[in-house]
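Q: Those protein sequences? They're chains A and B, same order as listed.
Residue numbering for the first sequence is 55 to 407, as defined by our numbering.
Residue numbering for the second sequence is 55 to 407, as defined by our numbering.
Worth flagging that the hints you see were computed from the coordinates, not collected in a lab.
Errors might be hidden in some of the hints.
Since the list gives no way to pick one copy over another, a pair counts as held whenever it fits inside one copy or between any two copies.
[To be verified] List of simulated lysine-lysine pairs, BS3-like, C-alpha gap at most 30 Å: (1) Lys69 to Lys334; (2) Lys59 to Lys79; (3) Lys69 to Lys95; (4) Lys159 to Lys258; (5) Lys368 to Lys79; (6) Lys159 to Lys285; (7) Lys268 to Lys309; (8) Lys59 to Lys258; (9) Lys69 to Lys59; (10) Lys318 to Lys159; (11) Lys159 to Lys271; (12) Lys135 to Lys99; (13) Lys69 to Lys258; (14) Lys365 to Lys59; (15) Lys400 to Lys255; (16) Lys135 to Lys362; (17) Lys200 to Lys168; (18) Lys69 to Lys368; (19) Lys168 to Lys334.
Treat the numbers as computed from the prediction; the structure is a model and nothing was measured.
There are 2 protein chains.
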Amino acid sequence: MVNRKLWEGIINEYKEFMPVRENTKIITLQEGNTPLIFAEKLSNKLDIELYLKYEGVNPTGSFKDRGMTLAVTKAVENGDKAIICASTGNTSASAAAYGSKAGLKTVVIIPEGKIALGKLTQALMHGSIVIPIKGNFDNALDITRKIAANYPITLVNSLNPYRIEGQKSAAFEVCDQLGGVSPDILAIPVGNAGNITAYWKGFKEYYQAQRTNKLPKMLGFEAEGSAAIVKKQVINSPETIATAIRIGNPVNWEKAVDAATESKGSIDFVTDEEILDAYKELALEGVFAEPASAASVAGIKKYVKLNKIGKGSKVVAVLTGHGLKDPDTALSTIQTPEAVEPNLDKILNLIGL
Amino acid sequence: MVNRKLWEGIINEYKEFMPVRENTKIITLQEGNTPLIFAEKLSNKLDIELYLKYEGVNPTGSFKDRGMTLAVTKAVENGDKAIICASTGNTSASAAAYGSKAGLKTVVIIPEGKIALGKLTQALMHGSIVIPIKGNFDNALDITRKIAANYPITLVNSLNPYRIEGQKSAAFEVCDQLGGVSPDILAIPVGNAGNITAYWKGFKEYYQAQRTNKLPKMLGFEAEGSAAIVKKQVINSPETIATAIRIGNPVNWEKAVDAATESKGSIDFVTDEEILDAYKELALEGVFAEPASAASVAGIKKYVKLNKIGKGSKVVAVLTGHGLKDPDTALSTIQTPEAVEPNLDKILNLIGL
Numbered sequence: 055m056v057n058r059k060l061w062e063g064i065i066n067e068y069k070e071f072m073p074v075r076e077n078t079k080i081i082t083l084q085e086g087n088t089p090l091i092f093a094e095k096l097s098n099k100l101d102i103e104l105y106l107k108y109e110g111v112n113p114t115g116s117f118k119d120r121g122m123t124l125a126v127t128k129a130v131e132n133g134d135k136a137i138i139c140a141s142t143g144n145t146s147a148s149a150a151a152y153g154s155k156a157g158l159k160t161v162v163i164i165p166e167g168k169i170a171l172g173k174l175t176q177a178l179m180h181g182s183i184v185i186p187i188k189g190n191f192d193n194a195l196d197i198t199r200k201i202a203a204n205y206p207i208t209l210v211n212s213l214n215p216y217r218i219e220g221q222k223s224a225a226f227e228v229c230d231q232l233g234g235v236s237p238d239i240l241a242i243p244v245g246n247a248g249n250i251t252a253y254w255k256g257f258k259e260y261y262q263a264q265r266t267n268k269l270p271k272m273l274g275f276e277a278e279g280s281a282a283i284v285k286k287q288v289i290n291s292p293e294t295i296a297t298a299i300r301i302g303n304p305v306n307w308e309k310a311v312d313a314a315t316e317s318k319g320s321i322d323f324v325t326d327e328e329i330l331d332a333y334k335e336l337a338l339e340g341v342f343a344e345p346a347s348a349a350s351v352a353g354i355k356k357y358v359k360l361n362k363i364g365k366g367s368k369v370v371a372v373l374t375g376h377g378l379k380d381p382d383t384a385l386s387t388i389q390t391p392e393a394v395e396p397n398l399d400k401i402l403n404l405i406g407l
Numbered sequence: 055m056v057n058r059k060l061w062e063g064i065i066n067e068y069k070e071f072m073p074v075r076e077n078t079k080i081i082t083l084q085e086g087n088t089p090l091i092f093a094e095k096l097s098n099k100l101d102i103e104l105y106l107k108y109e110g111v112n113p114t115g116s117f118k119d120r121g122m123t124l125a126v127t128k129a130v131e132n133g134d135k136a137i138i139c140a141s142t143g144n145t146s147a148s149a150a151a152y153g154s155k156a157g158l159k160t161v162v163i164i165p166e167g168k169i170a171l172g173k174l175t176q177a178l179m180h181g182s183i184v185i186p187i188k189g190n191f192d193n194a195l196d197i198t199r200k201i202a203a204n205y206p207i208t209l210v211n212s213l214n215p216y217r218i219e220g221q222k223s224a225a226f227e228v229c230d231q232l233g234g235v236s237p238d239i240l241a242i243p244v245g246n247a248g249n250i251t252a253y254w255k256g257f258k259e260y261y262q263a264q265r266t267n268k269l270p271k272m273l274g275f276e277a278e279g280s281a282a283i284v285k286k287q288v289i290n291s292p293e294t295i296a297t298a299i300r301i302g303n304p305v306n307w308e309k310a311v312d313a314a315t316e317s318k319g320s321i322d323f324v325t326d327e328e329i330l331d332a333y334k335e336l337a338l339e340g341v342f343a344e345p346a347s348a349a350s351v352a353g354i355k356k357y358v359k360l361n362k363i364g365k366g367s368k369v370v371a372v373l374t375g376h377g378l379k380d381p382d383t384a385l386s387t388i389q390t391p392e393a394v395e396p397n398l399d400k401i402l403n404l405i406g407l
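Chain A with its partners taken away, still in its complex shape:
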């Protein structure tokens, strides 16, 4: 009889790929090891083999924790006392959690009224200084960069290279979960474009280390209303229901294009309507993701229809955040039922028994 070795967070688990020293104090909430769920209904419908990488099952409910554990670990190693980020919500929630865990002063700059309810709540609860500004994400990032460049406070946006280094662990996990095999296609939402960059780096490193059999094709999907990369122009007033990717001037623009090009993939966009359809279909697989997450699945559906994804392909869709992050969008898409008296016949009738 042997005791199970449980997960110790992505830095400890993939240490040989992480830029830490043997004695580095690791700031972790034991992020990672998220589910890779076979989507039975969608696979049958689309005639592919579709898996969902459910990143909502991280401590703060999004993939951002993978990068934040490393960014905050390195900040502490460096003796920093404060961190700052601009955010559409998930980054701030993660920075707030890891910042509080490490005892750092944490500042988050967010666009007023444009972040999902759950995410705002997280940043506030974890004791960050939360500053909503009148402007969009890109404005928030501009001012954040200025402050970090000129004052003793460390930037933990994805301009911080450790964020990408941590996030690449998700690609390792996908290959490990598939038994040392890469998917044919990795589909992923694109907002600030850090995550597609990180996955591609991860797949390449794992291939080089002979832990996976090949490289996947990377398909990135922006929301139509903030599709700067696809439209090849900065979008000054991005608009989409997928608030987590509502970014008009992605920081990792060129790297994302490189990932798509090198992998013989592409970056495209999906409409809000396509996103909402995919969002609802995902929930019927037992997986509740935030709207932006559904851009990956919406993109897969679009590409299957266009015959750009072949029958039987092994496809992984990255679902970046948990549906609980954004209850308002969920409730706006469904009808809430009215309360009834606890009368047996009445209830049997509603159930259809």
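We have chain A; now place chain B onto it with these hints.
A: Only chain B this time, still in chain A's reference frame:
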């Protein structure tokens, strides 16, 4: 170079302790393997060694997934076509997710207006038939039992014995995460009293299998306004901010008392004020749990003060659900900041730079 073996859900990982056959089709969202986080600030403050079992990091954001994977797996094995539960919210979210994954018709009966926003959203998104009734949880459970007893629909409340069998896996994980060692004390919120029953069963089985060195003392904490077990009477109109444990007539009442007695522990209550204080302190450890979860930590603080927990004790607090389940309670305890113009001096001033 070896690929990591990632987590496959609690039934696969602890199969020798689970009532399934070799060829049972397992319905899983890869629940379990949740973080056990050392609470540095609270440990220092209370002069104990405190760990947080963060059950919010399950697919639907609560510990209920551990029991639901087994209850739904067994329902499918049995050829059942429909499941039903009454719920204060977490059970319904979990039943809805696993029910949709398995393709079962899923019915959830909830007390009107008394379940947290996120949980209602989950049940609806996953396509359940959601029936809010005019009454409290105990009324909802009464009618649910009647329906399950007389119609072809399987009850997945914790009266279903497989729920407890699945939930006991959390005790296994705690021992594994501590390196084959049991904590001195396991502190846990008590609502319907199924979880304390499940942990105690798990600790006993693991001890018998020689995977842990001893048995812990079990400390269960009800909320004062629904403290039926402590007050030794059914409470007809339970009231507490901790909606997940707002239950006036716990189903597993006797088994919970047995767990406390056998382990030389106890069941006590904490006030809503103590719960909210602990809730806020937890967030400063980087861990955002729902209010009911904080009952465990509130109880630990109370018992340290009363010298009922000795200095240096190894204590595990079970945090049953994620804070994102209940954004409204969070926002009611904190002040939301006002938006400012993106003016550098103004923002530097707010940051204190």
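Q: A separate judgement is required for each hint: does it hold in the structure or not?
A: Going through the hints against the structure:
1. Lys69 to Lys334: Classified as neither: same-chain Cα gap 37 Å, cross-chain 33 Å, threshold 30 Å.
2. Lys59 to Lys79: both (20 Å within a copy, 25 Å between copies)
3. Lys69 to Lys95: This pair counts as between: shortest inter-copy Cα distance 27 Å, intra-copy 36 Å.
4. Lys159 to Lys258: Result: close neither inside a copy nor across copies, 35 Å intra and 43 Å inter.
5. Lys368 to Lys79: Between copies, since 22 Å is at most 30 Å while 38 Å is not.
6. Lys159 to Lys285: neither (38 Å within a copy, 44 Å between copies)
7. Lys268 to Lys309: within (20 Å within a copy, 53 Å between copies)
8. Lys59 to Lys258: Both, since 27 Å and 20 Å are each at most 30 Å.
9. Lys69 to Lys59: Both: 16 Å inside a copy, 15 Å across copies.
10. Lys318 to Lys159: This pair counts as neither: shortest intra-copy Cα distance 43 Å, inter-copy 42 Å.
11. Lys159 to Lys271: neither (40 Å within a copy, 37 Å between copies)
12. Lys135 to Lys99: between (52 Å within a copy, 22 Å between copies)
13. Lys69 to Lys258: Within. Shortest intra-copy distance 17 Å satisfies the 30 Å Cα cut-off; inter-copy 35 Å does not.
14. Lys365 to Lys59: between (38 Å within a copy, 28 Å between copies)
15. Lys400 to Lys255: neither (57 Å within a copy, 39 Å between copies)
16. Lys135 to Lys362: neither (49 Å within a copy, 37 Å between copies)
17. Lys200 to Lys168: within (22 Å within a copy, 46 Å between copies)
18. Lys69 to Lys368: Cα proximity of Lys69 and Lys368: in one copy and across copies (28 Å, 28 Å).
19. Lys168 to Lys334: The answer is both: 22 Å in one copy and 25 Å across copies each meet 30 Å.
The structure fails to meet hints 1, 4, 6, 10, 11, 15 and 16 from the earlier list, while all remaining hints are met.
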